[in-house]
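Protein chains in written order, with the working numbering: chain A, 1 to 372; chain B, 373 to 744; chain C, 745 to 1116; chain D, 1117 to 1488.
Where hints are given, some of them may not hold.
What the hints assert, rightly or not - Below, a list of computed lysine-lysine pairs in the PhoX-like style, where the Cα atoms sit at most 20 angstroms apart: (1) B:K433 - C:K1111; (2) C:K1111 - C:K793; (3) A:K236 - A:K11; (4) D:K1177 - A:K61; (5) B:K486 - B:K383; (6) A:K149 - A:K236.
To be verified - Cβ-Cβ distance ranges computed for the label pairs, FRET-style: (7) B:G420 - D:K1127: 40 to 46 angstroms; (8) B:S453 - C:Q803: 54 to 60 angstroms; (9) B:Q651 - D:R1161: 55 to 61 angstroms; (10) B:K430 - C:R789: 58 to 64 angstroms; (11) C:I815 - A:T100: 44 to 50 angstroms; (12) B:K430 - A:T100: 40 to 46 angstroms; (13) A:R333 - B:P617: 17 to 23 angstroms; (14) D:H1360 - C:P882: 52 to 58 angstroms; (15) B:Q651 - A:T100: 42 to 48 angstroms.
Stated by the list, open to error - With the C-beta cut set under 10 angstroms, the calculated list includes, among others, these residues of chain B facing chain C: (16) A426; (17) K430; (18) Q431; (19) I630; (20) L689; (21) D690; (22) D692.
Please keep in mind that the hints were generated in silico from the structure rather than gathered at the bench. Beta carbons are placed, not taken as given, at the ideal position from N, Cα and C, and that holds for glycine.
4 protein chains.
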Amino acid sequence: MHGVHDGKQIKVGVLGATGTVGQRFILLLAEHPYFVIHALGASSRSAGKQYAKAATWKQVKPIPSQVREMIVDECKPEHFSECAVVFSGLDADVAGDIETAFRAAELAVFSNAKNFRRDPNVPLIVPLVNTAHLSMIPQQQSLHEPPLKKGFIVTNANCSTTAVVIPLAALERAFGPLESCMITTMQAISGAGYPGLPSLDILDNVVPYISGEEEKIEWETLKILGGIATEDEGTKSFDMHSRHPLRVSASCNRVAVIEGHTETVSVRFARRPPPSPQQVREALQAFTSDAYSLGCPSAPRHTVFVHEEPDRPQPRLDRDFQQGAGVSVGRVRQCRVLDIKFVVMANNVAIGAATSSIINAEFAVVKGLIQA
Amino acid sequence: MHGVHDGKQIKVGVLGATGTVGQRFILLLAEHPYFVIHALGASSRSAGKQYAKAATWKQVKPIPSQVREMIVDECKPEHFSECAVVFSGLDADVAGDIETAFRAAELAVFSNAKNFRRDPNVPLIVPLVNTAHLSMIPQQQSLHEPPLKKGFIVTNANCSTTAVVIPLAALERAFGPLESCMITTMQAISGAGYPGLPSLDILDNVVPYISGEEEKIEWETLKILGGIATEDEGTKSFDMHSRHPLRVSASCNRVAVIEGHTETVSVRFARRPPPSPQQVREALQAFTSDAYSLGCPSAPRHTVFVHEEPDRPQPRLDRDFQQGAGVSVGRVRQCRVLDIKFVVMANNVAIGAATSSIINAEFAVVKGLIQA
Amino acid sequence: MHGVHDGKQIKVGVLGATGTVGQRFILLLAEHPYFVIHALGASSRSAGKQYAKAATWKQVKPIPSQVREMIVDECKPEHFSECAVVFSGLDADVAGDIETAFRAAELAVFSNAKNFRRDPNVPLIVPLVNTAHLSMIPQQQSLHEPPLKKGFIVTNANCSTTAVVIPLAALERAFGPLESCMITTMQAISGAGYPGLPSLDILDNVVPYISGEEEKIEWETLKILGGIATEDEGTKSFDMHSRHPLRVSASCNRVAVIEGHTETVSVRFARRPPPSPQQVREALQAFTSDAYSLGCPSAPRHTVFVHEEPDRPQPRLDRDFQQGAGVSVGRVRQCRVLDIKFVVMANNVAIGAATSSIINAEFAVVKGLIQA
Amino acid sequence: MHGVHDGKQIKVGVLGATGTVGQRFILLLAEHPYFVIHALGASSRSAGKQYAKAATWKQVKPIPSQVREMIVDECKPEHFSECAVVFSGLDADVAGDIETAFRAAELAVFSNAKNFRRDPNVPLIVPLVNTAHLSMIPQQQSLHEPPLKKGFIVTNANCSTTAVVIPLAALERAFGPLESCMITTMQAISGAGYPGLPSLDILDNVVPYISGEEEKIEWETLKILGGIATEDEGTKSFDMHSRHPLRVSASCNRVAVIEGHTETVSVRFARRPPPSPQQVREALQAFTSDAYSLGCPSAPRHTVFVHEEPDRPQPRLDRDFQQGAGVSVGRVRQCRVLDIKFVVMANNVAIGAATSSIINAEFAVVKGLIQA
């Protein structure tokens, strides 16, 4: 295994540990080469109980033995003071206050919640794309009242945004800026958490609407693919891809799939003539993330796996490839309206959620932002 | 009931009567006000048997009593000589030869097969859209060797094309020509016939590919929405929307739905500024087909039903509205890349298949093209 | 149509009108020949609103026009004083108190809730089986404090019980008492109401457990198939099949089916030798309910439809036969452990719920227990 | 890892290598500690092609690299002469002739096909249950014309039989013979192979019939749980449990599950009083297979995993436990008709198919029946 970590173990905590995303964090961290689960936070209803009693475990893999009997704490910073990293799988209705308090207590928070994604000082990072946005952290710390030394918040993107920005980033790196992008998603039910979508709504059905989802894709894509501008007085800001305006239009649908969001994507490049389908295939396949290059152990070798078969990717067959840490692309071909169209499939509960937070934290370790 | 038919019964035949589409024809014709099933054609394997023995009936409704004991014939014109109309639910691998023979025998053939859709003298008619294309029939007859008096072929469109051209036609009628259209389909398994799609391919899955489907949508849409040009020497031809070039791009997917194709659609109008979402909603809702206006009994009152709820249409809830003879539209809103986007859902086995053929024949009756 | 009702309309109310069962009551009553919806009851949250606004309508058929703008009331007897019949689709947590109050207010309550099923004075009636148990109503009224003249409660059975007791009743009528019965159910998700079962629990899955369901089948079957005993002092009691003890064992499972409970059933007869499979088929097919014979308009002509095909009944193909008011049986064959085994399928939201309550009320009308 | 194998690699072949079961054999053998894939056999249509070209790969895991470019042979013994073991995933229509030829060529054949299961000299072995039946092999060899030295055929059981005989064997070992057993199965679609079940037949549906399946369970259970009788002249025969007659009755159903057969089981013991549910739970949990005890590397540590949660086992959550090599039992409780009832779930494509063949071969290695 490549990687530059020195081998020391780093204590981490999980907020929202009994929920769907929290369970995923626990499964991934239980096998992590250097992150070690040290504290688990959940609601006051779960606090004080053994984890196996507190959680309604709904994963295919059993509860890792090292957390079965761990006592769940309330989500208060004092219970996590020994943690160098805190992962948050909290629901949006409580994530804002709790993550704010954890940051103020000088904890490094890597959150899957949406609350801070639009914060002008919080990086919104898809770890295979824009780890460079970690450079916003010093400003986030210095603008805090009082200024922070170690505490900060990093968020990852919405699961359906993550799927599409990875190939888009590969295309922009190879061929320059995109001008427009049309996306239709066919999203898995696990994206709605548990209990989430009633079975009566989705069996033998498509629901052509997911509240707030289209807005997330259309906005988050700009923040992630954009750069960081520095104004005269030295203040940094996310430029929302404004140097080359990018129009994104999304149509979001829920389908009867357990895991794996499938998305049809069409793009128009600024560059004329646009690249050919074959050039696009090669660029996607060649794309390598900094996270992988710099040795983040959870980063996949194939950031984008490009299928040649005409009927792939398919969520059931492709979602577990590389433990769901990369994305799968197929059907790269010309589009009669824009330039190029393709299909992308990403595991919404892996790279679309907990895996992203973990790679983000690994990258922060590499960059020296985490003190073990 | 409105309508101008004089009440006389018209004898009809069904080709491919034991197949999936044939079964649908039989269910619809069994309750038809004036079409009466007179002959059933199938392969030589089925010929000579009672229909209930020959068909593997896979419909929710029972076999209509009037056809249970009807003897199935081979698909030869002599067995259908008393039929004024022949509906074809034949598979593409045999439809070409058989339909050719039936036309040559002076039979009026209304086909759901794809074989003649691209024929320059055969109308490709979605009956809620372009019944005017029946005007090509005299030329089809006169160019035949020998010229025909009564025989002709009319085809209806592919199911996924049908769903989208209906609202597109409504938009063009209200706001003038479209410039481009992007479509992503989520198509039901019944579109693949029986046995069709293996269950292992679609349960907990999306298949982002349907062979030939995207090409059908992109090509058929132009023939259907286009007009008929008359050249100097009087020859007519389908103009493929060439007066106002229209670019159509489709991405086709199979999802775990039994009936009802759901499609996300984005369009750009030639007219600037484009209509607002509210204007589009009103135009769609107001759109009435000539088939309905002229009294075709199978034409739906609401050609396009526009939903106001944010999460409709849904195939399971909306596919049986009006016996599946119209389409349902919802989520009409602005598109950041083109002008307007919306969702359309159509019952692929009703208006997407047999119902279209039947309304086409009803319209031909109204126009005096059928001699009972 | 057969039937003895005099044609006068009878005003009815629906309790729990906005819920899943309530919506079914409304669909059925909207097309009823003499019951007319006069009042709708729901929680205080819905009270005062138009029905179309109060209900989250989840049915394939649209909201009937006559109730769209009807104002929903709270479930208090004074709002239903003009109703001759009240149908209850209330949840069990509130049904007890509300139905008690309605009965005390001299209203005839036909309930789908489980609360009074085990009450020694309340008939538990599957209308195709044991309408004779209505004879318990006078005792129910006379034992009430104060005695009642018109008010009473009749319940129908649990959906999975209903499916199996109908063929069991047919067998006992033809061949005398049963000794034992083993049942395994494969139940539809609609049996759990809405939102009911989370989609993550049932897609690509079987859940081999439904809380309380096996006990209901094992107990309710005895009450329904048993008779009414009269003790020396004239007191009547349900005899729980005690003259011929019947052992029932059920295993209940949830499967990914929207509507229609499928159950495998094996039975042992007291009579030796037991009837042959062919005799059983004939007896099932010949079984006619008193409800049908006496003209209840919602009672199906075929109480038990017996399939000859080896692979039927199937919920998707057979649940809508006769509007789901009868049951379908197939695969009648010998059992190596007990005597005879077969498969039964019943529509859990029709005869398994609202349809049963309505036929029960129709039968009570026939018997003069309802004063319009 | 426990185990007595000496570490030498053993060359194996796979017949029917391109089919569903063949693909499973390949995935398992690619990671096997001592079996090494040496030859692949398929139909003449595939012969001569690279495996990755010949197979329509439908597994979640990618094609193992060591077989991607391996050339597929026809299923003729001369191509497999270097193999010490041949695994057969052939379809029943060809398995008989091919396996006969391979045995005659002195090859050891471990077959998943049904053809020889009822052969009086061929062991039908569920490897966690009756490996002792390998003792029939010498007689199989000596009765062959000409007598064989190394060649033989061993079959494993039908997938739905396998699931139930494992707990039944545990019960008989602990509590003595069973008298009767009632089984209802809810079987996964993968049991029907590929393309197998049409999606239109199973989505939103249950099919209460699988051709020949009930007979297999009822017959195979007796052969597997029975012993081997030796007659006066020394001839051995399978006694079909005849010393303690056992009546088995099965009802088989197909449900919308991808992998994992769930079965409800009720049993009656000869012994009175019967064991309590708690005794049964303990006996099931304690049951250890000889295959595991003697070090077969693919044998699971937990032959029967007993769940305490009321709603387990579930196929989606439990089928991958121990790579699907054991079975999961839950809901052990009293039965009102027989003695004890429970639910068992087994992975039909693992222990229900290829995994069984492989453990059988491992056991034959341990017993010295295979010469590497």
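Hints and how they fare:
About 34 angstroms separates the Cα atoms of B:K433 and C:K1111, which puts this hinted pair outside 20 angstroms; it is violated. With a CA separation close to 36 angstroms, the supplied pair C:K1111 and C:K793 exceeds the 20 angstroms bound. Restraint check for A:K236 and A:K11: the C-alpha separation of about 31 angstroms exceeds 20 angstroms, so the hint is violated. For the proposed pair D:K1177 and A:K61, the alpha carbon gap of about 17 angstroms is at most 20 angstroms, so the pair holds.
The hinted pair formed by B:K486 and B:K383 fails the criterion: a straight-line CA distance of about 24 angstroms is larger than 20 angstroms. A hinted pair counts as satisfied when its Cα atoms are at most 20 angstroms apart, and A:K149 with A:K236 qualifies at roughly 18 angstroms. Checked against the hint of 40 to 46 angstroms, the pair B:G420 and D:K1127 fails, with Cβ atoms roughly 56 angstroms apart. Evaluation of the 54 to 60 angstroms hint for B:S453 and C:Q803 yields a failure: the beta carbon distance comes to about 47 angstroms.
Hint check: B:Q651 to D:R1161, Cβ distance near 59 angstroms, so the stated range 55 to 61 angstroms holds. Distance hint check: the CB atoms of B:K430 and C:R789 are about 44 angstroms apart, inconsistent with the given range 58 to 64 angstroms. Distance hint for C:I815 and A:T100: a CB-CB separation of about 46 angstroms, consistent with the stated range 44 to 50 angstroms. A C-beta distance of roughly 58 angstroms is found between B:K430 and A:T100, which places it outside the suggested range of 40 to 46 angstroms.
Distance hint check: the CB atoms of A:R333 and B:P617 are about 21 angstroms apart, consistent with the given range 17 to 23 angstroms. Roughly 56 angstroms separates the CB atoms of D:H1360 and C:P882, a value that falls within the hinted 52 to 58 angstroms. For B:Q651 paired with A:T100, a C-beta distance near 45 angstroms keeps the hint of 42 to 48 angstroms intact. A distance limit of 10 angstroms between C-beta atoms decides the matter here; for B:A426 the minimum to chain C is near 15 angstroms, and the interface restraint is violated.
Given the 10 angstroms rule on beta carbons, the hint for B:K430 holds: about 8 angstroms separates it from the nearest Cβ of chain C. For B:Q431, the interface hint holds, since its Cβ comes within 10 angstroms of a Cβ in chain C; the closest pair sits about 8 angstroms apart. With 10 angstroms as the threshold, the beta carbon of B:I630 comes within range of chain C, its nearest partner Cβ sitting at about 8 angstroms, so the hint holds. Given the 10 angstroms rule on beta carbons, the hint for B:L689 holds: about 6 angstroms separates it from the nearest Cβ of chain C.
The beta carbon of B:D690 comes within 8 angstroms of a beta carbon in chain C, closer than 10 angstroms, and the hint placing it at the interface holds. Of the supplied interface hints, the one on B:D692 holds, with its beta-carbon coming within about 6 angstroms of a beta-carbon of chain C, less than 10 angstroms.
Going down the numbered hints, you'll see the structure goes against 1, 2, 3, 5, 7, 8, 10, 12 and 16, while the others check out.
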